[in-house]
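Chains as they are written, first to last, in numbering that gives the first Met the number 0: chain A, 0 to 126; chain B, 0 to 126.
Everything labelled a hint here was simulated from the structure, so no lab data went into it.
Be aware that a few hints might be false.
[Claimed, not checked] Listed next, the in silico EDC-like pairs over lysine to aspartate or glutamate satisfying Cα-Cα at most 16 Å (straight line):
#1 B:Lys5 - A:Asp61
#2 B:Lys5 - A:Glu97
#3 A:Lys80 - A:Glu97
#4 B:Lys25 - B:Glu50
#5 A:Lys5 - B:Asp61
#6 B:Lys5 - A:Asp95
#7 A:Lys5 - B:Glu36
#8 A:Lys5 - A:Glu50
2 protein chains.
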Amino acid sequence: MAETVKGLIRNLDNVSAAPVDIAGVKGVRMAVMIGREHQAPNFSMRQFIVEPGGHSPRHSHDYEHEVVITSGGGTVLLNGKEQPIRSGDVVFVPADHEHQFRAGEAGLKFLCFVPVTRNCGDPTPGS
Amino acid sequence: MAETVKGLIRNLDNVSAAPVDIAGVKGVRMAVMIGREHQAPNFSMRQFIVEPGGHSPRHSHDYEHEVVITSGGGTVLLNGKEQPIRSGDVVFVPADHEHQFRAGEAGLKFLCFVPVTRNCGDPTPGS
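Turn these sequences into a full structure, and let the hints guide you.
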């Protein structure tokens with residue numbers, strides 16, 4: 000029988016973020032805030048902390064992102080062009096759209112939501 | 000053939016929020032930031048703006064919430080007790096868990112994510 004799922008409260012500033020060590024990434028750490036490990040059934044909330052000048056990979060994949068910029072600023076590659084982003088912006092990156100997040104001089108923190116599964120059941124990376 | 004889905008950037012402070020007029024709600028406005036209208040396939044991001052002393056309904060339902068407190072503070076009823084919340088907190092409300100958000104003296108703003116469908120296909124309210 001499944002373990003009882005519990006409600007959860009955590010603060011963005013009180014988590015341990017681990018370096019993201021994949022190709023095309025520079026100066027990025029990640030912490031799963033709410034995810035499969037908390038028995039989230041549909042989507043996962045990850046926090047990304049990007050050093051000044053750092054960036055996520057330039058890539059696309061078969062699932063979407065919903066993003067909230069929580070601190071700092073920079074640019075996002077979206078709809079084929081670099082666009083400024085700042086705290087309070089939200090970004091929808093549809094599936095199969097090329098994208099890349101870059102931190103400005105003050106660094107960049109954002110939340111990125113993804114489905115917990117893809118391709119009819121495989122775990123989504125980082126979810 | 001489906002219309003091409005576009006990437007989207009919006010700011011939390013630059014939207015029109017409409018009053019939430021359902022039983023048990025006091026002083027709450029909502030704006031869908033990313034949802035079905037933007038062809039979000041899996042989950043919807045809604046912004047809630049709660050006046051000082053306002054609150055969401057005390058209720059439960061068959062889908063989960065993932066919440067980010069973006070401004071102000073107050074309390075949330077979760078796991079059977081009132082708990083303080085403040086900017087930067089994230090909250091996971093599992094399905095079928097009773098919950099209620101209450102704004103403190105400074106008001107409360109939060110993002111609440113829900114699946115876009117429930118019960119095998121019906122649209123989730125507000126998604």
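Right, here's what the structure says about each hint:
1. B:Lys5 - A:Asp61: Holds - the C-alpha atoms of Asp61 (chain A) and Lys5 (chain B) are around 15 Å apart, at most 16 Å.
2. B:Lys5 - A:Glu97: 11 Å, holds
3. A:Lys80 - A:Glu97: 10 Å, holds
4. B:Lys25 - B:Glu50: Answer holds: Lys25 (chain B) to Glu50 (chain B) is near 8 Å, not above 16 Å.
5. A:Lys5 - B:Asp61: 15 Å, holds
6. B:Lys5 - A:Asp95: 11 Å, holds
7. A:Lys5 - B:Glu36: It is violated: about 31 Å lies between the C-alpha atoms, which goes past 16 Å.
8. A:Lys5 - A:Glu50: Given pair Lys5 (chain A), Glu50 (chain A) is violated - Cα atoms ~33 Å apart, limit 16 Å.
Hints 7 and 8 from the list above are not met by this structure, while the remaining hints are.
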